[in-house]
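J.: Chain order of the listed sequences is D and Z.
Every number in the numbering used here is 2 more than the matching position in the first sequence, counting from 1.
Every number in the numbering used here is 2 more than the matching position in the second sequence, counting from 1.
Hints should not be assumed to be uniformly reliable.
Stated by the list, open to error - Simulated restraints, written as ranges between beta carbons of each label pair:
1. Glu297(D) with Glu195(Z): 49 to 59 Å
2. Arg45(D) with Ser16(Z): 37 to 47 Å
3. Asp27(D) with Arg45(Z): 40 to 50 Å
4. Asp6(D) with Asn263(Z): 54 to 64 Å
5. Glu198(Z) with Lys24(D): 26 to 36 Å
6. Val44(Z) with Asn263(D): 46 to 56 Å
Said to hold, decoys possible - Calculated lysine-lysine pairs in the DSS-like style (CA-CA distance at most 25 Å, straight line):
7. Lys156(D) with Lys237(Z)
8. Lys236(Z) with Lys264(Z)
9. Lys159(D) with Lys255(Z)
10. Lys156(Z) with Lys110(D)
11. Lys156(D) with Lys110(Z)
12. Lys234(Z) with Lys264(Z)
13. Lys237(D) with Lys110(Z)
14. Lys30(D) with Lys30(Z)
Keep in mind that the hints were calculated from the coordinates and are not lab data.
Because the structure is a prediction, the values reported are computed rather than measured.
For glycine and all other residues, C-beta sits at the position ideal for the given N, C-alpha and C.
2 protein chains.
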Amino acid sequence: MKADLKQIQAPISSEMVEFEKKFRDFMKSKVKLLDHITNYIVRRKGKQMRPMFVFLTAGVCGGIQESTYRGAALIELLHTATLVHDDVVDDANYRRGFFSVNALWKNKIAVLVGDYLLSRGLLLSVDHGEFELLRIVSHAVREMSEGELLQIAKARKLDITEEVYYTIIRQKTASLIASCCAVGASTTGASEEVIERMRLFGEKVGMAFQIKDDLFDYGEDEIGKPLGIDIKEKKMTLPLIYALNHASWLEKKKIIYLIRNKNEDKKAVNQVIDFVKKSGGMDYATQVMNTYLEEALDLLKEFPESEYKTSLEALVRYTIERKK
Amino acid sequence: MKADLKQIQAPISSEMVEFEKKFRDFMKSKVKLLDHITNYIVRRKGKQMRPMFVFLTAGVCGGIQESTYRGAALIELLHTATLVHDDVVDDANYRRGFFSVNALWKNKIAVLVGDYLLSRGLLLSVDHGEFELLRIVSHAVREMSEGELLQIAKARKLDITEEVYYTIIRQKTASLIASCCAVGASTTGASEEVIERMRLFGEKVGMAFQIKDDLFDYGEDEIGKPLGIDIKEKKMTLPLIYALNHASWLEKKKIIYLIRNKNEDKKAVNQVIDFVKKSGGMDYATQVMNTYLEEALDLLKEFPESEYKTSLEALVRYTIERKK
Numbered sequence: 003m004k005a006d007l008k009q010i011q012a013p014i015s016s017e018m019v020e021f022e023k024k025f026r027d028f029m030k031s032k033v034k035l036l037d038h039i040t041n042y043i044v045r046r047k048g049k050q051m052r053p054m055f056v057f058l059t060a061g062v063c064g065g066i067q068e069s070t071y072r073g074a075a076l077i078e079l080l081h082t083a084t085l086v087h088d089d090v091v092d093d094a095n096y097r098r099g100f101f102s103v104n105a106l107w108k109n110k111i112a113v114l115v116g117d118y119l120l121s122r123g124l125l126l127s128v129d130h131g132e133f134e135l136l137r138i139v140s141h142a143v144r145e146m147s148e149g150e151l152l153q154i155a156k157a158r159k160l161d162i163t164e165e166v167y168y169t170i171i172r173q174k175t176a177s178l179i180a181s182c183c184a185v186g187a188s189t190t191g192a193s194e195e196v197i198e199r200m201r202l203f204g205e206k207v208g209m210a211f212q213i214k215d216d217l218f219d220y221g222e223d224e225i226g227k228p229l230g231i232d233i234k235e236k237k238m239t240l241p242l243i244y245a246l247n248h249a250s251w252l253e254k255k256k257i258i259y260l261i262r263n264k265n266e267d268k269k270a271v272n273q274v275i276d277f278v279k280k281s282g283g284m285d286y287a288t289q290v291m292n293t294y295l296e297e298a299l300d301l302l303k304e305f306p307e308s309e310y311k312t313s314l315e316a317l318v319r320y321t322i323e324r325k326k
Numbered sequence: 003m004k005a006d007l008k009q010i011q012a013p014i015s016s017e018m019v020e021f022e023k024k025f026r027d028f029m030k031s032k033v034k035l036l037d038h039i040t041n042y043i044v045r046r047k048g049k050q051m052r053p054m055f056v057f058l059t060a061g062v063c064g065g066i067q068e069s070t071y072r073g074a075a076l077i078e079l080l081h082t083a084t085l086v087h088d089d090v091v092d093d094a095n096y097r098r099g100f101f102s103v104n105a106l107w108k109n110k111i112a113v114l115v116g117d118y119l120l121s122r123g124l125l126l127s128v129d130h131g132e133f134e135l136l137r138i139v140s141h142a143v144r145e146m147s148e149g150e151l152l153q154i155a156k157a158r159k160l161d162i163t164e165e166v167y168y169t170i171i172r173q174k175t176a177s178l179i180a181s182c183c184a185v186g187a188s189t190t191g192a193s194e195e196v197i198e199r200m201r202l203f204g205e206k207v208g209m210a211f212q213i214k215d216d217l218f219d220y221g222e223d224e225i226g227k228p229l230g231i232d233i234k235e236k237k238m239t240l241p242l243i244y245a246l247n248h249a250s251w252l253e254k255k256k257i258i259y260l261i262r263n264k265n266e267d268k269k270a271v272n273q274v275i276d277f278v279k280k281s282g283g284m285d286y287a288t289q290v291m292n293t294y295l296e297e298a299l300d301l302l303k304e305f306p307e308s309e310y311k312t313s314l315e316a317l318v319r320y321t322i323e324r325k326k
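Given the sequences, and given the hints that come with them, work out the whole structure.
T.: Laid out in structure tokens, this is it:
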């Protein structure tokens, strides 16, 4: 079944509207500057995939509760905090090592706003005695920061293994979707076993999601983000890692030379992309992605059929069929 | 009674040694890069005032427990996270708006390490089901980030009131010491009333501490941090706020002109300092500081005498008698 996000949202559409209203309330502060910034953040909101995972898993596990809203808000506050913290560096990259005083203010503010949003999320759970939510989300914060740091530590080592690649994407990407699903289940009062199954389900979806994202860089669909950005940044992802592992010694040496020394050269980057395509790197990554997807869907089989389950399955497929 | 930090530490000296060992363990990670950084952080540790407040208040409230160590570690992890996040900007200021790629990496890493340390602290409490500690500390994170943002928002408005000044220092500085004392009390199983009294005690100590810090900038002791830094950064603190509020219209206009336009000029900065001294700004700030101090000590009166209490009183006096 192919579905667009609007169809997928159908069983939780009123909840999503209410959630958005509540989320705005949760972010309110006494400091005007902060309200300006959080209003700006709310306006540029994305596809709302994370709250959708929370509400749909809650639906599948027995029904959306009042605490499901807080769970979704906690995740969304955490995710927003991460995005704001990421801006610290993105802004910097854009400016190529050059900062205006204004940009410095923004940096300081970005760090503080991120910390503030995180604390608001925590307080939301603390004030309602929702210990399990705190446990799930604290783990996610740890995993995500550790995963990003692992990526930085390994970034320049071009001999990164498949194993390390999986560890990085599990920590930096999959852990958040895993948390969404565990939180959704947890807010329905589900058993530890069900919460764990939903966490694993979300983790597998997250793995597939990130592999899809990495495939975009090789221009799989010829739209989406510009080609070869990862190669330019010497970021080793699954298609390239596979291709290098299955290349001859000489070919490997040549490709590594190109990535190390010619990564700013469009022609060399295209050579690397061609190499990956010819070596079957994209096919392999696609196959791994599909395996994660099927394993995720398998984990849903034990739950009774419902409109929530149908939508959740469609949402999972959407994550790998999306065009950007 | 005048005492140095070593004397003050005497009743909790073995606890402080054990704490340091445990704290190192709490910070350990699977990522080598992270361990390098946290080792570096541990080595440049300061006076350990925060753990001292936690252990001494626990001692005063009935005795140090196993959870007191976790409470102290939680606070210290949070404080370290804040310091690391602050480095994002300090580094930047030092470089006067110019960044190397290396500095950018460090920025990204600083944000991530801060987030990581915060999550470790949270997990420490989550894993032991210490809900009250989480409540206290989440409030502190919120207060501190809100306070810093309030300071940024008001920083360029030179007509800041005494009220706003107190709000800023209560949030950005006093809230952390307040948390130390509330956490210390909480880990002994004290009543809500006792926890709240200790929180208020810590808050008053923190207010006195920050006013002392702001007084240093006017060279009260002729040592410590360089003179006039706050004026150079157009940061309005109590001595100056008082002096401006008690100046003639003409004098006020002149001083504001100097701060706004001549803040980089050493002579002009000295003129502002002289103005503050002559207007009694420092005497007033000292008096307010002493009032907070006495109010703090008053709150301790209801607790039975003990070596912990004697040390805690000495620690409070130390915060305003320190030379830097």
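J.: Given a hinted range of 26 to 36 Å, is it respected by the beta-carbon distance of glutamate 198(Z) and lysine 24(D)?
T.: holds, 30 Å
J.: Is lysine 156(Z) close enough to lysine 110(D), meaning Cα to Cα at most 25 Å?
T.: holds, 15 Å
J.: Can the restraint linking lysine 156(D) and lysine 237(Z) be considered satisfied, given a maximum Cα separation of 25 Å?
T.: violated, 42 Å
J.: Is the hinted pair lysine 236(Z) and lysine 264(Z) satisfied, with a Cα-Cα distance of at most 25 Å?
T.: holds, 10 Å
J.: Need the status of pair lysine 159(D), lysine 255(Z): alpha-carbon distance at most 25 Å?
T.: Violated - the C-alpha atoms of lysine 255(Z) and lysine 159(D) are around 60 Å apart, more than 25 Å.
J.: Holds or violated: are the alpha carbons of lysine 30(D) and lysine 30(Z) at most 25 Å from each other?
T.: violated, 36 Å
J.: Can you tell me whether the CB distance of glutamate 297(D) to glutamate 195(Z) sits inside 49 to 59 Å?
T.: Holds, since glutamate 297(D) and glutamate 195(Z) (Cβ atoms, about 53 Å apart) stay within the stated range.
J.: When you take the CB atoms of valine 44(Z) and asparagine 263(D), is the distance between them in 46 to 56 Å?
T.: For valine 44(Z) and asparagine 263(D) the Cβ distance comes to about 39 Å; the hint is violated.
J.: Checking one constraint from the list: CA of lysine 156(D) to CA of lysine 110(Z), max 25 Å. Satisfied?
T.: holds, 15 Å
J.: Using the beta carbons of aspartate 6(D) and asparagine 263(Z), state whether their distance is inside 54 to 64 Å or not.
T.: holds, 58 Å
J.: Does the structure keep lysine 234(Z) and lysine 264(Z) at a Cα separation of 25 Å or less?
T.: holds, 8 Å
J.: Is the distance from the Cβ of aspartate 27(D) to the Cβ of arginine 45(Z) consistent with 40 to 50 Å?
T.: holds, 44 Å
The structure fails hints 2, 6, 7, 9 and 14 (numbered hints given earlier, in ascending order).
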